[in-house]
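Peer 1: Chain by chain, the residues:
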Amino acid sequence: MNVPADRNHALELLRQMLRIRRFEEKTAELYSLGKIRGFLHLYIGEEAVAVGALQALGPEDAVVATYREHGHALVRGTPAGSLMAELYGKANGCARGRGGSMHFFDASRRFYGGLAIVGGGLPVAVGLALADKLQGRPRVTACFFGDGAVAEGEFHESLNLAALWKLPVLFLCENNLYAMGTALARHQSQTDIARKAQAYNLPGEAVDGMDVLAVEAATAGAVETVRGGGGPYLLEYRTYRFRAHSMYDAERYRTKDEVEQWKQRDPIAAFEGLLREWKCLTSDDLAAIEADIAAEIDKAVAFAEAGAWEPVEDLTKDVYTERT
Amino acid sequence: MSVPLTAEEVARAALRILGEIAPEADVASLKPDVSFRDQMDIDSMDFLNFVIALHEALRIDIPEADYSKLSSLTGCVNYVLAMSGGEKTT
Amino acid sequence: MPTLGADMSDGTLVAWKKKPGDPVTRGEIIAEVETDKAAIDVEVFTTGVIEKMLVQPGEKVPVGTVLAIIREAGQPASAPAPQAGPGRLKISPSARQLALELGVELASLQGTGPGGAISREDVVRVAKAGGMRHETRGGTGEQPLAPVAEAAADRLLRMRQAIAAAMTRSKREIPHYYLSTTIGMGRAMAWLGEENLKRPVTERLLYGVLLIKAVALALREVPELNAVWKDGQAAQSRAIHVGVAISLRQGGLVAPALHDTDRQSLSELMQNFRDLVKRARAGSLRSSELSDPTITVTSLGEQGVETVFGVIYPPQVALVGFGKVVERPWVAEGRVLPSPVVTATLSADHRVTDGHRGGLFLAAVDRLLQEPSRL
Amino acid sequence: MTMTKTTYREAVRAGLREALQRDPLVFLMGEDVGRYGGTYACSHGLLEEFGPERIRDAPLSESAFVGAGIGAALGGMKPIVEVMTVNFSLLALDQIVNNAATIRHMSGGQFSIPLVLRMATGGGRQVAAQHSHSFEGWYAHIPGITVLTPATVTDAKGMLLAALREPDPVLIFEHAYLYPMEGELEEAGLVDISKAALRRQGRDVSLLTFGGSLWKSLEAAERLAAEGIEAEVIDLRVLRPLDTATILASVRKTHRAVIVDEAWRTGSFAAEISAQIMEGAFYDLDGPVARVCSAEAPLPYPKHLEDAALPNVEGIARAVRGLLGA
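If you read the protein sequences in the order shown, they are chains A, B, C and D. The numbering of the first sequence is the working numbering, which starts it at 1 and goes up by one. The numbering of the second sequence is the working numbering, which starts it at 1001 and goes up by one. The numbering of the third sequence is the working numbering, which starts it at 2001 and goes up by one. The numbering of the fourth sequence is the working numbering, which starts it at 3001 and goes up by one.
Looking at chain A on its own, in the form it has when it is part of the complex (with noise of 0.2 Å):
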């Protein structure tokens, strides 16, 4: 790994990801404290990846994410506000508190979701692929789904569907090692998930989750192969989520040694190391960073706790369009 060149482009980094640390780790407080209920699926310890794929699209590109997004939308540009009020529940929300933590959505930033059946995104963002194609436009869609997906046959289907039809889908697999409490190995008999890409005729690759700046330049390289007209590309990024499936588990699925030993391979602890190996940072610019987050999250919550709960009357609103 070599210094990298532009040395803002790596605090930004490092920035965003803490930034998701943060936030999620005040949703955490809220919850116990009641502010936000339902599930709550934090995305502690995968930080990279979504960072780190996210740089490489462009804004006109589209993204589809699963429950587990908060990440996602921050890093694609949703205010920590909007998306902090849509946990509470408030019509200030990303989409006016009706989905909550597990349905983000920002139409101006093409983020659909948010789409939490498992497998359930992967045809939306092959059909998001289809129109842009038939219409011409160079864009890509980023479909972010779990190893757990992989089981479903919606990803099978899609995959099959991209590739037969050419399709600018980037399927992103973040293999976490478990859907929910199945650990990978009881449920594929192919593990290797960036393989079975080749059983559907598209390129497949495996990238380390816990670093950033793989994650990054592996994503970069699909989205150029893709928006190339290339069609499909599967990536796998391999990662670890540190906390609890929602947001308490017994965990009785995983060791706590195991736990630990991916603690180690903390993507933020490592890429900060890395980074100050490289003189890049200082413990005053990260002071700064820490200060900047925090404030940006307190108003997030000052923002979720101003806003108004959306009326009543207004409860069957948008199940089908208004007509004028």
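It should be emphasised that the hints constitute simulated quantities derived from the structure, not laboratory data. The structure displayed is predicted, hence computed values, not measured ones. Hints may be right or wrong, so weigh each one.
Taking lysine-lysine pairs in the DSS-like style, the calculated list, with each CA pair at most 25 Å apart, reads [what the hints assert, rightly or not]:
#, chain 1, residue 1, chain 2, residue 2
1, B, K1069, C, K2198
2, C, K2230, C, K2171
3, C, K2052, C, K2171
4, C, K2017, D, K3253
5, C, K2128, C, K2017
6, A, K35, A, K299
7, A, K317, D, K3253
8, B, K1069, C, K2128
9, D, K3253, C, K2019
10, C, K2018, D, K3253
11, C, K2052, C, K2090
12, C, K2128, D, K3253
13, D, K3195, C, K2090
14, A, K166, A, K196
15, A, K90, A, K299
Keeping the supplied structure of chain A fixed, place chains B, C and D upon it in accordance with the hints.
Peer 2: Positioned in the frame of chain A, the structure of chains B, C and D alone reads:
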């Protein structure tokens, strides 16, 4: 009243009204010359209602002093025809 | 099921005039109930929204049974009430509605629909054949349907039983005393004659209303007689609701109230009296009219009776009977002259009043009748 | 207004053609819609006319291509997705129920999905239990989608064109039995897809039905007319959002209702209609609401058993007679 009433019309009206007041009575078999009160169960309230209905149906004014003249069917017919200038039965 | 008299132990709901969800205001008619005495309109004493009917048409339930739940304005809806019991009429909702509109007695209907259900057609058939309560008084000569006649006979029997129960109870429990006085009616009848000359046919007065009004005003002076016996003691009523005994054509009698009798002018009283008689005979009295009388007035003068010794109608504590207005030799200012007179008799409950008060009452009636223009 | 005699199949094809000609954003996608010409030949000749980009043969991946239809609609296209039959739509239920129906509401109104999803439905062709389902009532349960059941040639074309004007997902159920049926095509353009259609006036009973059962109901009404019973026939044709007003108006007039629905009785759309009548016209009813539905069994292959299982003309007439005590 442009066309004078006939005796038959008056009798029909009187019997209809009596029938409404005393639905249980067989008004068709009333003896015309015998007092209603002797043939059927009607009281002063019924009789008042009878007079009022007669007044409303035939548009004739009936002073209280003349009530006794209306006590039988024949009496009614004669009285009403006299008041309205119609024919007279014997 | 409202109490419409002490002799009433139960009643049969004939029909609802409202349906759940309908708003009702105090005084409105919500149902029709068949008692032993008559078909009575049940009025409500609250304003609100009908939440649920607990008794179905055709059901006979004891007095005091809750018929329906009315949610007062602003109250939240309550938990569902228990289901109605067995014995329901098998009638389609639409037929039931139509029967209500046409005034057809549900009891008179026989179902010819699938499974013996009563359909709209069945209602129309009965209505055409004259099975309507109100409109059939026309007496077109058609014979009423057999079930209607049977129902009427049954009603008469039940009314007889009810009168028997009430009168037996009255004679058993109430220590009656009787006071009688003869009242000169010369002035009253003369005044009435003149008054009626001025009035169109439709507004003429019967002398009976003079008697009723006189009784009502006399009660103001002797209010102990205007009371009901309740829980071992007399409860005086502030309002004076004179019940007037009305004989029914098919037999039996009812004595519904002329509400606030003392506050009505003679003209109002006459109109209301006429209306009351009409409705009593048509079977459409209101529940309050049957439950509210505070005293009863009965007159048997039409039948030529001179003196009436009436039996008090529990829980009332007095009854005033009038005989026929007859010409008698009458001494006035030292001279004997023929004059119309009437005999008034007070039957009173000795537990509540004594003869002294009773005598004062009859004297007041007499005095009031001597100044008819002030009635 | 011109009238042309044509088949239901041709009417669907005419609708597809007109839509493809009119709007370059419209494309047709589904199994065997291209070279094969459509399982029911509804898209015969369209591949030649519009090319493979717009007439897309899809692999047997209902979930993927229905989901792709949703995605394409999100991406600004106007996809017409043909799922060969309602039976296979079960493989795409997740996409229809969890994505198509929810995204607009769940995104706070940010995204619309102008998707038209067509499929054949119904039994009666001796294709046994797995290919004879009638699930349009199921789909009508779901808020966020519109459910159409064209029963006439005019509706087959006009409803498709109207559906393409909708900003939200529309499911069109074409009863497979109807494709070869001939009828008069009214070239009146769009069909109002907010209203049920009165197909026959009557005073004695309302026959409430849709799709393939319309014709059986009309035939039953003919038979009943010969017996002096005048049945009114209402073609619901839009199951969601349901035109309750038309249903209630008819029941208020006739005081009796028989619902004919090819689905199984238990939990059927007929049950929904019945409930609507109870809620809205209870006091107008002169008898219980009756339902004529399919027998509670998977649809069998042999003709005599299939006939016994499905609603038929005599069964409908019998239900009416039973209600009238005739």
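Peer 1: Hint by hint, note whether the structure agrees.
Peer 2: Okay, the hints, checked on the actual structure:
A distance of roughly 20 Å separates the Cα atoms of K1069/B and K2198/C; the hinted pair therefore holds under the 25 Å criterion. Distance check on the hinted pair: K2230/C and K2171/C sit about 16 Å apart at the alpha-carbon level, within 25 Å; holds. About 41 Å separates the Cα atoms of K2052/C and K2171/C, which puts this hinted pair outside 25 Å; it is violated. The hinted pair formed by K2017/C and K3253/D meets the criterion: a straight-line CA distance of about 22 Å does not exceed 25 Å.
Proximity of K2128/C to K2017/C is assessed by CA-CA distance (about 22 Å); at most 25 Å being required, the pair is judged to hold. For a cut-off of 25 Å, the pair hint linking K35/A to K299/A stands: about 16 Å separates their Cα positions. With a C-alpha separation of about 34 Å, the suggested pairing of K317/A with K3253/D is violated against the 25 Å cut-off. Between K1069/B and K2128/C the alpha-carbon distance is near 37 Å, which puts this suggested pair outside the 25 Å criterion.
The straight-line distance between the Cα atoms of K3253/D and K2019/C is roughly 21 Å, inside the 25 Å bound, and the hint therefore holds. For the hint pairing K2018/C with K3253/D, the CA-to-CA distance comes to about 22 Å; that is within 25 Å, so the pair holds. A C-alpha spacing of about 19 Å is found between K2052/C and K2090/C, which places the hinted pair at or below 25 Å, so the restraint holds. For the hint linking K2128/C to K3253/D, the alpha-carbon distance of about 21 Å falls within 25 Å, and the restraint holds.
With a C-alpha separation of about 35 Å, the suggested pair K3195/D and K2090/C falls outside the 25 Å cut-off, and the hint is violated. For the hint pairing K166/A with K196/A, the CA-to-CA distance comes to about 17 Å; that is within 25 Å, so the pair holds. Under the criterion of a C-alpha separation no larger than 25 Å, the hint pairing K90/A with K299/A is consistent with the structure, at around 15 Å.
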